[in-house]
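*Asks:* These protein sequences, in sequence, are chains A and B. For what it's worth, my numbering labels the leading residue of the first sequence as 1, then goes sequentially. For what it's worth, my numbering labels the leading residue of the second sequence as 1, then goes sequentially.
The set of hints was computed from the structure by calculation and includes no laboratory data. Ideal placement from N, C-alpha and C gives every residue a C-beta, glycine not left out. There's no promise every hint is true.
[As the list claims (entries may be wrong)] Beta-carbon label-pair distances, calculated as ranges: (1) A:A122 / B:Q273: 45 to 51 Å; (2) B:Y89 / A:V119: 44 to 50 Å; (3) B:K297 / A:K152: 35 to 41 Å; (4) B:L75 / A:E156: 35 to 41 Å; (5) A:G326 / B:L75: 40 to 46 Å; (6) A:R215 / B:L264: 39 to 45 Å; (7) A:R215 / B:V83: 36 to 42 Å; (8) A:R215 / B:S223: 37 to 43 Å; (9) A:A249 / B:V268: 47 to 53 Å; (10) B:G219 / A:R317: 27 to 33 Å; (11) A:G326 / B:Q118: 49 to 55 Å.
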Amino acid sequence: MPDFRSRETWAVLIGLAFLLALPPLADAMGKGFYITLFTRILIFGLAAVSLDLILGYGGMVSFGHAAFVGVGAYVVGILSWHVFDASPVVTWPVLVEGTENAFVVWPLAALMGGLFALVIGAVSLRTTGISFIMITLAFAQMLFYLAIGLRKYGGEDGIALYNKSELVPAIDLFDRTTFYYVCLAILAAFLALCRRLVGSRFGMAVQGARINERRMRALGFSPYRHKLTAFVISGAAAGLSGALLANAAEFVGPAYMSWQRSGELIVMVVLGGMGSLFGPVLGAAAFLLLEEWLADLTEHWQILLGPILLFVVVFARRGIWGVVAGPDRRER
Amino acid sequence: MNTLLLVEQGLNGLQLGVMLFLMAAGLTLVFGIMDMINLAHGSFYMVGAYLTATFAPLLDSFALGLLAALPLAALAGMAVEMVALRTLYRREHLDQVLATFGLILFFNELVRIVWGPQPIFLSPPAWLAGTVEIIPGVPYPAFRLAIIGVGLAVAGFLYLLITRTRTGMLIRAGASNREMLGALGVDVKRLYTLVFGLGAALAALAGAMAGPILAVQVGMGESVLILTFVVIVIGGLGSVRGALVGALLVGMVDTMARALLPTLLRAVMPPSQADGMGASLASMTIYILMAAVLAWKPRGLFPAHA
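So that you can see chain B by itself, here it is in the shape it has in the complex (with noise of 0.2 Å):
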């Protein structure tokens, strides 16, 4: 029975895991090349799950709404980018944290306007609502294994982009040294927007998978996003690689932290103290798990600029 659990919350662990690295890839490259931290970006992930919530009813088809949703919030990304964040690259990281902790609060407040205070729901696709039995005897939820396989699809996609494209070699080089790339004739402003749209795309992905697990709801991205800041903080500012690796150790970390603190600590106090200690304590590991990678590598895992 317990190897049973331990299976179930492993899939769990990976497809937060995955979920997280959606957040952390786009938010980790905006970091890594344009020197600038970005609070809205969980807004993208909110919008995503709204959109697709929107547009899956519509079209009759949670893959149609999503194909709807995501070219929009990649626009809205690289609308914010052109109106919004490009006058504040070269101010300090403190301006920033303001201006997006602005954009943060517009967003939510947009978002009640259009689609009320309510969480609405979106349902999984049809065909994905039913459960596989992936080792005989447990049962597991078929949407949860499709987000898995997106996700680490989406990791080998960006590895791609990355490693083999012209684009990803400018995303590398702005990476880098981005005064070396503007000098050698690259429009790194357009390059900018584009890697803003890209992140921007991979958020409300993430968003719009999350919406059938959890409601669609205004404020969903902001959980999100301070997980996804563990993530980056603990891989390595800037590094995909590193928001990888960080993104599966927090998902793994936190979802079995959730299921088995709660049980051991039954086993030394009460049940009723022991759901709540467990509770909260599980809710802190991640942080701890932080605290102490750092207290061993003041720079992440896989530091960028190393």
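Chain A with its partners taken away, still in its complex shape (with noise of 0.2 Å):
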């Protein structure tokens, strides 16, 4: 039941109402681009939230957390690229042939997603601290030049798609309105399973193995499996923003796993406000739309985003969730 004296609340309730009256207010004001870019930041916001998951409340700086996101769209740009082809994806050991159904295809990005990352994980979290945030970014490089190398996609020019997922045929995500509508549904299913998640005894564990990894291992906790646990479960979800973003732009690419894009990912998760997983979607919000207003003021608008980020981390700790839903009861 949620506590409706609480500014939190009432946050999420009211930017529930903005991302619902969106697509009809822009088209009402003739801005229609609003809603593709909304859409991307929606995407984007599932993406910065799973990392929230592991960085906010795991403790854990993921520098590679793009690698997901491409991993993701790579399986729907295939399976796409093998419908168009007519060709299977393999024939051995079983027969996969392409296909571009939204069913198959979306849970597969999540699951591959979680593989990687599972992989991934068990490695990087014998680590802690700054090796562990060089690790995941040197895998994510791994699969990036993975990606390049695959030749028969593309390699560095990737996949143009020719077609989006299907859904069911009354849901056609060729309309912008309606992939919107898929997206914001998405996201606000995975923030919901975030908020039963970091409340459940698993939660509380990850949280307790960031604050003292010892004494939880003395209350008798696995700390490396409840993290790979939520490791697992950030890059599932990673995974399928993946695919998402694959169609949004019809095309998958390297670029999608540069380490750039995990260092905006962190990036949204910071300026959103870590731990508190409505704060990233904020903070995906206002990346993009600094990036385009800034983009518009000046070619060189990098000059500017880079001292922005160095002012924000050295005096707005506790990003924008924290002046809209005011100070966090929660102990840190």
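Since each chain sits alone in its own frame, please combine them into the complex, following the hints.
*Replies:* Structure (structure tokens):
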């Protein structure tokens, strides 16, 4: 039961109302491109929330999160490429045909994201601190180069999609408003899931491991297993966001996995407010809108963005969510 | 024929290794003493290359251009340390990552504004432009040999600096206990700034020497930065000796994989596929090496704070 006396609840409700009302408003104002822009925001929001789950709650600074987004995107891209090419994906040990069915492709993207997270996490989580940052970065680079090496699928140029994934016939993802609402629904569902998760025994164990790993071990928990599980869930959600991103851009390329993307995802989480789940969505919105606005202002917008980031880190610790939702009542 | 190829590639690997060492030494010192992760280290590499490429034609000498560029890069490093990074030492690593990520964006764009988006070219000094026959029948570029020489000389210099001088003693003391060093009356802030400047100069030196081999372009710092991270993680954070071993290992493995994997794969698959697969597998080799080292020793080969 939501607590209607807290600012947090109202912030979430108002945000949801705004997002629900956005497409008709944008259409009415004749600014339809806002629907496309906010679709991107929702998708990056999903990726940022998934990162917040391990970064904000688990204290795991993954600098390679874009890799999982890229893996999800490539699942969509490769399966769709094979539909167009009318060739099977693999013939051995079982015949796998290309497909654009969203009920197959999207869960598969999440599954692959989770699977890569399992392998990468299993090695990376053996270390902590700076090593962990560097290792996740290095693994992401490894997948980045792997993607460049996939000459069959465009190599450095990536894959242009000729079709979007197909949900049920009644829902046409080519319609930008429909696609927007589908993304919103997925993001809302994942946020609800995360809320349950961080409040659960499992979520508490992950947070406990962030605050004092040794004490958690003394209590009989296995921090490694809990952290790895969180890492896998996070990777799966990132994979799903990659699948949506591929559909939004109708393109898949190695750039999705570039280390800058990973950096941007961290920026979104911190800008929005770490460990708040809703904050990263705001962070994604702020980052992408800022990018859009600065790029309008000057061709050399990154020279402004860099110092802004520095400023945010040094002076605004709690992020946007800290301003919107008021003081944090959780113990940190 | 094959041994000749191996010798040549071995030298290439050594050359990449010493270059990575120049980068890794600065980064690992900054990490070891200040417990600070600095993503913008690659920016000094880039700045060093650009400054050398600017001064070398002006002064009509590569060496003079390099001599002009290094102090400037060191100054730039110290300025960045004093303006931006000083406040971050006591912060979480996450904050350091973000802030220095912002610095990368800033530096890349600054370079793009000053020098333009096109790569610029830096020619090696005339007296090193030719080739040397290292063993009869194997010509090898003299400039690459010079890089190996300079890199090994710097490694020796760093060894002496750290083990034999007062500054080196302070650096080692700072790495093992900062508070105590400060309590003993050492100006730790100034020490940090100096070490940062030294690291920036080393990175700039690597960049300047890479300039004639690779193109001098925006973003050149990041690809080498990530390789440097791999070096440091393999070698053990904060250890200069680890950085040397890690750099040589990574340089050698990366070069050998790139030279040999496509050929090996050609034996088992059609050439067109083998080249693509070989190239991408070769790019991945060092990361696999890193994963293997970590699975064996999670703190790297020579952890500084064991």
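*Asks:* When the structure is checked against the list of hints, which entries are broken? Sort them ascending.
*Replies:* 1, 2, 6, 9
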